[in-house]
Amino acid sequence: MDLKDIIKPENLVYKRTKVLTDNVMHYCPGCSHGTVHKLIAEVIEEMDIQDKTIGISPVGCAVFAYNYMHIDWQQAAHGRAPALATATKRLYPDKYIFTYQGDGDLASIGTAEIMHACNRGENIVVIFINNAIYGMTGGQMAPTTLLGMVTSTTPYGRQADINGYPLKITELIAQLEGTCYVTRQSVQNAAAARKTKKAIRKAFENSKQMKGTSFVEVVSSCSSGWKLTPTQANEWMEENMFPFYPLGDLKDI
Amino acid sequence: MAEKVLKKGNEVIALGAIHCGCDGYFGYPITPQSEVMETLMEEKPWETTGMVVLQAESEIASVNMVYGGACCGKKVMTSSSSPGLSLMCEGLSYLAGSELPCVLVNVVRGGPGLGTIQPSQGDYFQAVKGGGHGDYKIIVLAPFSAQEMYDFVGTGFDLAFQYRMPVMILTDGMIGQMMEKVELRPQQPRLSDNEIAKRYGSWATTGKTPDRKGNTVTSLALDPKVHETLNHRLQAKYREIEEKEVRFETLYCKDAEYLLVAYGSMARICESTVESARAQGLKVGLLRPITLFPFPVKEIQRLMPQLKGILSVELSTGQMVEDIRLSVEGKIPVDFYGRLGGVIPTPEEVLEVCMSHYIK
Amino acid sequence: MALKGAIVVDTEKCKGCSVCVVNCPTKTIALTKEVNSKGYNYAYMAEPQTCTGCTNCATVCPDTCITVYRVKI
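Protein chains in written order, with the working numbering: chain Y, 1 to 253; chain G, 1001 to 1360; chain E, 2001 to 2073.
I should point out that these hints are in silico values taken from the structure, not numbers from a laboratory. Note that the coordinates shown come from a computational prediction; the quantities given were computed from them, not determined experimentally. Possibly wrong hints are sitting among the right ones.
[Unchecked claim] Simulated restraints on C-beta separations:
#1 E/T2050 <-> Y/D22: 55 to 63 Å
#2 E/G2039 <-> Y/D2: 39 to 47 Å
#3 G/A1221 <-> Y/T153: 22 to 30 Å
#4 Y/E239 <-> E/K2033: 24 to 32 Å
#5 E/K2027 <-> G/R1233: 37 to 45 Å
#6 Y/D22 <-> G/E1042: 46 to 54 Å
#7 Y/K18 <-> G/W1203: 35 to 43 Å
#8 Y/D22 <-> G/Q1235: 48 to 56 Å
#9 Y/G148 <-> E/E2047: 34 to 42 Å
#10 Y/E239 <-> E/K2027: 21 to 29 Å
#11 G/R1233 <-> Y/K8: 49 to 57 Å
Note that beta-carbon positions come from the ideal geometry of N, C-alpha and C, so glycine has one too.
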């Protein structure tokens, strides 16, 4: 069968969602951010909520998330996205509000904001990208950096006695009464990415039903920060990150 | 007949917010301004006008909730006192950089540090010269009565939306805690979501409808040209405000030979000082800046030829006095008198200082 | 009934990360020797006859630069 007989509109089974813009993403090759952006955009398209969705981008690599989706965006100060989301959701209760935050943004400088937004049970969606490193600033230690992991500020590896322990913030979040759905996913292969998309969809549905805060962690790779190729980074993530940050639902009410 | 109430300055800030159709208040308790949120919680405006009132986990969260609400094109505000305002300065810089309208109230207490809960005017620099990082200004209104506390919330929102920038009401514990008669205004309706989308849909995050592109509210501008252009635009806006929005009041300035300049609580004291001076035949006048930014530079310069000197009276170690000195450009003497720690100078005390400079 | 597929890669958006290559169950995809205008080797169907149109490559592509077609034979 000839290629031109297959490549026809009627045979189309996967195309780029129109919720994504045409901009080439600034992310490094293989970066999980791009995959997660796409999954969010696809959920927005499938739920037909483009005109009702307001995204809140963080400080970190994903600061420019607003360049990649045709929706309204607010760009927050470092760590404060949940505060913006709180006000926005309360002022527009019929809209879908999501924050998109990295580990430095959410689990370090923004710990207070995420804890209290989740504890109040704000009807928002939180997408938490955990790649255990500060990507944007050049690979420094993050709160979620694993013990022994080399970063530019832990050049001999993270040591508990000097740097403290990696923070399992998602486990803490799951303890809060205000959260209705807390899950940890990944996007390194197609099965994982499809599961993550389902999780994001559920989070947005929860927001519609005003069930409380939905929190989706995506354990991610940062090939540049980890100094590996994209595929090596994904393998390293499976071997080293998943044992400490196990995948699956922590809470689903 | 408009309804009149006897209430504290802080309490009528809350009423002013409700009555002008404010959409949301986000705050954190701190003395001496906690009555603002307490009054709002008692009034329960969410049951009447639909206004959102939320106690945040910190001043940092409050100001960022204001940022989020302002992104939506809603009338949102917060209030705090000095140490809280210091925490809000990051957010204030972002609000200014993103050109977002909002009202912030600072019921100033003495600093530095935890300082004192007594009234102070020690945050003049923080309010007028920036506070947060970067080249920005905010409009600063200085009420000197409970009535102005009430009125300036609505005025503040009008200015904030006209120029798309934060407006601060800079007051102190004396005005905030003082009970006075206040004439209330009729309830203004809040704008509907559709009205907001219509008015502010060109920039606000009201939800991307098919007829427009997605809006992004950000202060980030990595492109050098874009960043420079943004800053020039902000500066042009500030120059326009300096031309159009200067507000002040004068008392006995027509023939004044010596001028007191004081704002807020100190203007109340200085009113009595000027009355006493006049009773003694001394040609003393009072200039009360109502806007601290924009500062009444031109009015000071207009009065300058007739003046032997100016005395800035402040509850600080001397902050506004610098703007007066910049205004007179060294052409006439500018003196300063201030008290600290919550010690409110008496009108007689100010008169004595005034005379020591005036009658030389 | 067999499935026959094909992919179309937006070669200018592709950054040659290879995530699609390792995720392709039929080893259809490889990176070109040539580079695009940004200097990246980009994904292409090295073995077009093996493609089943499963969409795994497109699903994992961080730059969403793969379109997938499929026919039943």
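ask   = So does E/K2027 sit 37 to 45 Å from G/R1233, Cβ to Cβ?
value = 55 Å, violated
key: Outcome of range test on Cβ distance (Y/E239, E/K2027; 21 to 29 Å)   = 23 Å, holds
key: Y/K18 paired with G/W1203, Cβ distance criterion 35 to 43 Å   = This hint is violated: roughly 23 Å between Cβ atoms.
key: Assessment of proposed distance window 24 to 32 Å (beta carbons of Y/E239, E/K2033)   = Roughly 31 Å apart at Cβ, these two residues keep to the hinted range, so it holds.
request  = Starting from the hint 55 to 63 Å, judge whether the C-beta atoms of E/T2050 and Y/D22 obey it.
outcome  = Given a distance of about 30 Å, which is not inside 55 to 63 Å, the answer is violated.
ask   = Taking the CB of E/G2039 and the CB of Y/D2, does the distance hold inside 39 to 47 Å?
value = This hint is violated: roughly 32 Å between Cβ atoms.
inquiry  = Assuming the hint says 46 to 54 Å, is it satisfied by the Cβ distance from Y/D22 to G/E1042 or not?
reply    = 52 Å, holds
key: Consistency of beta-carbon spacing, Y/K8 to G/R1233, with hint 49 to 57 Å   = With a Cβ separation near 50 Å, G/R1233 and Y/K8 satisfy 49 to 57 Å, so the hint holds.
Consistency of beta-carbon spacing, G/Q1235 to Y/D22, with hint 48 to 56 Å = 34 Å, violated
C-beta pair G/A1221, Y/T153: status relative to the range 22 to 30 Å that was hinted = Since the Cβ atoms of G/A1221 and Y/T153 sit about 28 Å apart, the hinted range of 22 to 30 Å holds.
query = CB of Y/G148 to CB of E/E2047, is that within 34 to 42 Å?
reply = 40 Å, holds
The structure fails to meet hints 1, 2, 5, 7, 8 from the earlier list, while all remaining hints are met.
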